[in-house]
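Enquirer: One letter stands for each residue in the lines below.
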Amino acid sequence: MKLSTEEYKKLWQKKSPPSPWYKTVPAAFLTGGLICLLGQGIKSGFLSAGLSEKVSSAAVSCSLILLGVSLTALRIYDDIARFAGAGTLVPITGFANSIAAPAIEFKTEGFILGACVKMFTIAGPVLTLAVTSSVIYGVICWLGGVL
Amino acid sequence: MKKGDVWFFDKDIYIKEYASCVGVKEGEGPLRDGFDVIGEDDRFGESTWEKAECRMFETACRKAVEKSGLSDSDIGCLIGGDLLNQCISTSFAARDLGFKTLGVYGACSTMAESMALGAALIEAGLEEYVLCAASSHFCTAERQYRYPLEYGGQRPQTSQWTATACGAVILGKEGKVRIKAACPGRVFDPGVRDVNNMGAAMAQAAYETLSRYFKDGEKKPEEHDLIVTGDLSEVGAAIVDKLFRLDGVNLGERYGDCGLMLFDRQKQDVHSGGSGCGCSAAVLCARILPRMIKHELKRVLFCPTGALLSPLSAAQGESIPGICHLICLEDAE
Amino acid sequence: MIFIKAFLVGGAICALSQILIDKTRLTPARILSFYAVLGVVLTAAGVYGPFVEWAGCGATVPILGFGYTMAQGAREAVGTVGFTGALSGGLSAASAGIAAAVTLSFLASLVFRGGNKR
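Residue numbers (this note's numbering), protein chains in the order written: chain A, 2 to 148; chain B, 6 to 338; chain C, -10 to 107.
Bound-form chain A, shown alone:
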């Protein structure tokens, strides 16, 4: 029978199993929460070592990035992510993974055109849009001060 595009769409959507949210959402909550908790633990360590609030915050980011890159290099990060989903994607460790994974993967195409270029395939838009929006916000702040 010839189905219209609409009818066919209804059919395949009915036959496509949805993501099992009862598994994915708790997994994301748990891992994401644990990574943030770890960050908080590291931060209190830095603070009690006498670092300032600002320096500790940056140090937390760097520590978690080190963790993300290390787990990626050791081929563990994607195994955790299979379970954790957004729990390992959204924290800063996911940002580190998104840079380290293509760098390691595409080095077979050379360090310049492979690793260095491809390391921004996923993180590139994040950096571009975050920088642009922060500059726009900065200009708005400046205009607010001038006017």
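Just to be clear, a hint being listed does not mean it is correct.
Here are some, though not all, of the chain A residues that point toward chain B, as calculated from beta-carbon distances under 7 Å [what the hints assert, rightly or not]: (1) 13; (2) 75; (3) 89; (4) 98; (5) 103; (6) 112.
Listed next, the in silico DSSO-like pairs over lysine-lysine satisfying Cα-Cα at most 30 Å (straight line) [stated by the list, open to error]: (7) B:272 to B:7; (8) A:24 to B:224; (9) B:272 to C:-6; (10) A:15 to B:7; (11) C:-6 to A:10.
Covered, in the sense of this in silico footprint (three residues per stretch, anywhere, with C-beta under 8 Å from a C-beta of chain A), are these stretches of chain B [stated by the list, open to error]: (12) 14 to 26; (13) 121 to 135; (14) 158 to 170; (15) 297 to 308.
Simulated from the structure, these hints should not be mistaken for laboratory data. Heads up, the beta-carbon is just placed ideally off N, CA and C, and yes, glycines get one too.
Go by the hints and put chains B and C onto chain A.
Expert: Frame of chain A; chains B and C shown alone:
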């Protein structure tokens, strides 16, 4: 002889020999005993994944030639394809194999495309033996179509696992399984844009090709022991089954899908099932042909399906066109 | 107390993202970009600063915190150096994280090679 969309091969054209070479995960699956070569790892001793796929392709071809007892000079030409840009796996393997080579691309339907063309060459009397092969490799496909392997993305339930596999068959004038007919597919685009749901994108093409074969080929579905699509997997196979039910045809138990046969979906984390050129090619060589030779199956419709997208077309928001080529195989006795 | 809040808030943000991914099939690059920009917007709206005060790393570790850091940096730099601060502030504030990610990834690519998924 041509009848409607179907090519009937009047000269007796047979599958003389076949071989398969697969990766580790496939070798742990339910068809493990049927493969000729199972890699120790998915690199096949090479430094890059692309080289690994070439090596796998070459291994399957050499194994088929070795099993057939023919010498390299007997092979008229190689018709093969894979999923990579510019079909580099095939070309680079052919560089070492040294046969006359015709590279073809039909996405995951490539095996049937190469067999149909190979049979046509023999029918026309241009070649005596033709080697037909198709391969895919999980890692090369991920690199080209999706994300780096170490990237922590989660695969949706409808996504499929590209098989690390290559199947090769030698067509000739003698053998135990006869290629009776072929029905080249038309391209259908049901408007699916979800690149993680290839089964849905290809299912309509499979239904259309099969329907036209049943009409033009004058054989009913129940006259076949096995009707097997390429890599529709869970989602696509359910759609094909439903489309035929809407026509009042129940394919029932005789309908299967290579993507559901290659892996154990309960134990192996492949979501909807297997995919890739190598999926249908390896299942043909590891499961379907051995069963035909044992006379467990008399008449089989082998219908690999292909999703004809590229990363470029997907990025431009194009929907995914599907194709399905059909090969009718018969027990020669 | 801050530890519990960090766990719960961070977990909640990730759980919401998971629902977003499951429902919309947005690609990871889009999700991350969206969150980074959302962090800037919420900071600009004056919402995210107090939220960070309250939830600690639960608010700064998710990629939203990346946007927050940059927006805050831009605003402070405008206050101290004027217009050029709008350009330099965001990246300056986030520079340690970006430099760490890029440098470590490059070093990792020199030493390690990728494996297959199982």
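Enquirer: Could you tell me which of the hints above the structure violates, numbers in ascending order?
Expert: Result: hints 2, 6, 7, 8, 9, 10, 11, 12, 13, 15 break, sorted rising.
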